[in-house]
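K.L.:
Residue numbers (this note's numbering), protein chains in the order written: chain R, 1 to 344; chain Y, 1 to 334; chain G, 1 to 296.
Derived from the structure by calculation, the hints contain no laboratory data.
We put the beta carbon where it would ideally sit given N, CA and C, even for glycine.
Check the hints yourself; a few may be wrong.
[Said to hold, decoys possible] Going by beta-carbon spacing under 8 Å, a handful of chain Y positions derived as facing chain R: (1) 90; (2) 91; (3) 100; (4) 154; (5) 157; (6) 159.
[What the hints assert, rightly or not] Part of the chain Y face toward chain R, derived, beta carbon under 10 Å: (7) 56; (8) 58; (9) 104; (10) 105; (11) 120; (12) 173; (13) 279.
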Amino acid sequence: MGKTIKFIAKRLLFSVFVLVGLSILIFVIARVMPGNPARMALGARAPEWAVERLREEMHLNEPFYVQYYYWANGALHGNFGMSLITRRSVANDIKEFFPASLELALYAGIFMGIIGIILGTISGWYANTWVDNLVRIISYMGIITPSFVFAIFFVLIFSYVLEILPTIGRLTPGVVPPPSITGIITFDALIAGRFNVFFDALKHLLLPAISLAMGPLSQEARITRASLVDNVQKDYIASERSCGIPERTIMFKYLLKPSLIPTITIYGLDFASILGNAFLVELIFSWPGLSRYGMNAMLQKDLNAITAVVLVLGLVFIIANIVVDLTVGYLDPRIGLGVERGDE
Amino acid sequence: MSKPLLEIKNLHVWFKVFGGILKVLDGVNFTVRSGEKVGLVGEAGCGKTTTMKAIMRLLSMPPAIIPKGEILFKGKDILRMNQAELQQIRKEKISMIFQDPTAALNPVFTIGTQIQDAVRFSERSGRKMKKDEIKARAIQVLKEVSLPDQERVLQNYPIQLSGGMRQRVCISMALVSASELIIGDEPGTSLDVTIKDQILKLLKELAKKHDTSIILISHALGTVKNMTDKVYVMYAGAMVELAKTKELFAHPLHPYSQGLLAAIPRLTGGGIGEGIDGHIPEYINPPKGCRFHPRCKQAMPICKDKKPPFFKVSENHEVACFLFQNFGGDCIDK
Amino acid sequence: MQKKSPTQERLSRRWENIRRNWYKFSRNSLSIIGLVVICIILFFAIFAPFVSPYPESAGKFINFYEASQPPNFTHLCGTDAFGRDILTRIFFGCRYSLMMGVTVLLLIVPVGVVLGLIAGYHRGKWLDIVIMRITDIFIAVPPLILALAVCSVLTPSIFHAMLAISIAWWPWYTRLLYGIVSSLKDEFFVHSAEVTGAGKMHILFREILLNCISPILTKMSLDMGWIILIGASLSFVGLGAQPPTPDLGSMVADGSKYLPDQWWISVFPAFAIMLIVLSFNLFGDGIRDTLGVERG
Chain R
1 MGKTIKFIAK RLLFSVFVLV GLSILIFVIA RVMPGNPARM ALGARAPEWA VERLREEMHL
61 NEPFYVQYYY WANGALHGNF GMSLITRRSV ANDIKEFFPA SLELALYAGI FMGIIGIILG
121 TISGWYANTW VDNLVRIISY MGIITPSFVF AIFFVLIFSY VLEILPTIGR LTPGVVPPPS
181 ITGIITFDAL IAGRFNVFFD ALKHLLLPAI SLAMGPLSQE ARITRASLVD NVQKDYIASE
241 RSCGIPERTI MFKYLLKPSL IPTITIYGLD FASILGNAFL VELIFSWPGL SRYGMNAMLQ
301 KDLNAITAVV LVLGLVFIIA NIVVDLTVGY LDPRIGLGVE RGDE
Chain Y
1 MSKPLLEIKN LHVWFKVFGG ILKVLDGVNF TVRSGEKVGL VGEAGCGKTT TMKAIMRLLS
61 MPPAIIPKGE ILFKGKDILR MNQAELQQIR KEKISMIFQD PTAALNPVFT IGTQIQDAVR
121 FSERSGRKMK KDEIKARAIQ VLKEVSLPDQ ERVLQNYPIQ LSGGMRQRVC ISMALVSASE
181 LIIGDEPGTS LDVTIKDQIL KLLKELAKKH DTSIILISHA LGTVKNMTDK VYVMYAGAMV
241 ELAKTKELFA HPLHPYSQGL LAAIPRLTGG GIGEGIDGHI PEYINPPKGC RFHPRCKQAM
301 PICKDKKPPF FKVSENHEVA CFLFQNFGGD CIDK
Chain G
1 MQKKSPTQER LSRRWENIRR NWYKFSRNSL SIIGLVVICI ILFFAIFAPF VSPYPESAGK
61 FINFYEASQP PNFTHLCGTD AFGRDILTRI FFGCRYSLMM GVTVLLLIVP VGVVLGLIAG
121 YHRGKWLDIV IMRITDIFIA VPPLILALAV CSVLTPSIFH AMLAISIAWW PWYTRLLYGI
181 VSSLKDEFFV HSAEVTGAGK MHILFREILL NCISPILTKM SLDMGWIILI GASLSFVGLG
241 AQPPTPDLGS MVADGSKYLP DQWWISVFPA FAIMLIVLSF NLFGDGIRDT LGVERG
């Protein structure tokens, strides 16, 4: 247990360093841009003196490190500046939009993990039969299809052909959202006992989450299958069989656990895919999340918002990776125990 | 002569691969009696491990095919048993120790989990054992293989043990599920020579104690010499010679066996022995007749056409070579 | 028979190697399909101006008489709202996509590989720490997000999109090389080279790098598909090639306004994207199986 805590502490400390570095990187890139952010904020018709005033306020005329100092100082106090689009503090915008993205990413991530592993396992157990071949073809289709294509496809089908699932927003207009505790509607609805809201929210989550999950899910299925097929030939499986351990126990326990290790290892990358593609999918489904907010910020060059969104998503990704690494360490003692080998 | 415990009759094993069919085992005959210690020697790739895996039906059936042959255990053909009977054999009667103990232990489960599962599923009477019974038996069997600090070993993962300890654990698992026959596939080969020695001595003791037969596979003749009662020499998928151990080492008859024994460097001088010219045949297109004939300095025309059966040169000695086709009783000292 | 000179020996050995690898590769029919499709796409992309039915459609072109036609014999993939032939625009779109993939790889592979070599070889020393920490910063965010961010602060254009993807993607090569090199550097052949006084450059590039070629090649083949996909995602939101330049991603985006009636405007470019990704995936898998790279 102590080792785990030390590991988490080290990683969190390290992520602080990474986030600082990331902020500098984004800052540099953003400031490199030609053009006049103040002018863009005020519009083409604003008078010159107003633009100049805003430039003073935004410290745009001062050297780079001074600008960074002002920004970092603000950031440490939770102030990420003002958004040029919403004209509110970016921090508030983040508070408002982040839970929606988090909810979407969570459901997509869970769906991706569970279905991916199940499909891959079935494919592996029945390797080289028609079941396996079918799953492999479907996975391939999943891998090569971009998330936005899935999204458009779903919108097409469910908006025009089968109108059984909603394709816009988080809740049907008219449905009152539950009191906001976590900001995650499904959780809040369950906590408040409002089951109709829960189901409504779930319906709205379904299509965007599946669009995001399809690609990574197929990757997971593929790796799981390959891993199972590899491991079934290993000596330890033959050894366990020769000791009389029944086939069922071998399939469900002794073969599955080592085979899941590569799957969990790439889970981090697959989750990255979900976070990244959210930018497009949230746009298509009009999902009021942080990624859509960030996408709009990027299209309109709202520097403060862009910086803040990238940092927040970076933090989410870092935490996801820590969880993944912990899980792999738990599953695989060769990694979890570090260098405690018997004969090195 | 007591009835044989295990009898392999004319076993053929083929592997379907991309380029065709590998005809690896070409009519293997092999017998083990109760309480016997049998050695099996041959160079890498001759089919020793395939034969042993076939006994326990551990070969992946695609790509492996068994077109002909029988493997009789106490008279019943293992190849035709149903899953339940096969399970019974695996969990009670026969077990196998693999060559590389690191690969033979599941790396993500503790030793305790693996041994206790082996114990639990090999319970003879079929009743459910209680948890402490299982643990006690696991500790007992670890003691038998001379592993100290058994409680800690049970909690460890394979990665935390040394190679020698892992090998002992594998042996202990074999002990749990084998009352009649243990197959050792080059035990100790991947270990230090001194540890290998200990492992082999351990095996010998245990076999004696539990009255278990042993099949010992090795490519090292020295190992086999000290451990076995009789030895089979195998080449390219078939047995070529069978003799009582002392007899084989004193008077190897098959040209291949002679070559093997000549290749051993001797402490008493004489330098490093010569190897045998040539290499093992391709199984995709094996030579017709005797598979050794392309490398054999004493090959005769008949060797190219017909596969030699076993000729009984003496009570303790049989050879599959046409050089001895006229023998039927006297053993001629070569 | 005349003895070959050492250089000739080496060359003939390399040729043998290539022939053997080709044999191995060609056994897998899926990889061959991938290669064939890539060649077809390459052909149409390179010769787009000559083989496309209506080359004017790739530029500023309006023909309202032919606008919004569904697929028919004159326009195999139909026409868009401006009357431009979709098939032609797909050919040109492939051209830009492939160009993007190649350019990005040309940029990031040398940089990433060299950095990874240096970091891995000097494992534990400050050079390693500096390089790998910088790498960690770049991969702290999912690559698509970083590419979007970089692209958004620059004026949208295909070159800036390539730059953005390069910035987001280079660290993966450094990581790959770092992993391989740090395990290789303790191998005997490196030690013996060091002991016999070989220079660092020689060790890095001749001894170590040669052993890394297989994983690098595999990754490059697979990455082509993914880089093109990211490029399509960028242009889908308008951050890549600008109109009227045909680009597969922006074609899907433009066409989405007309769904579901004029489905062909989005669907065919989407299929083109998927086909490109599929073929590079199949090809890359084949390379991986041929060169025998360890999984995962």
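K.L.:
Check each numbered hint from earlier against the structure, then list the numbers of those it violates in ascending order.
P.N.:
4 and 13
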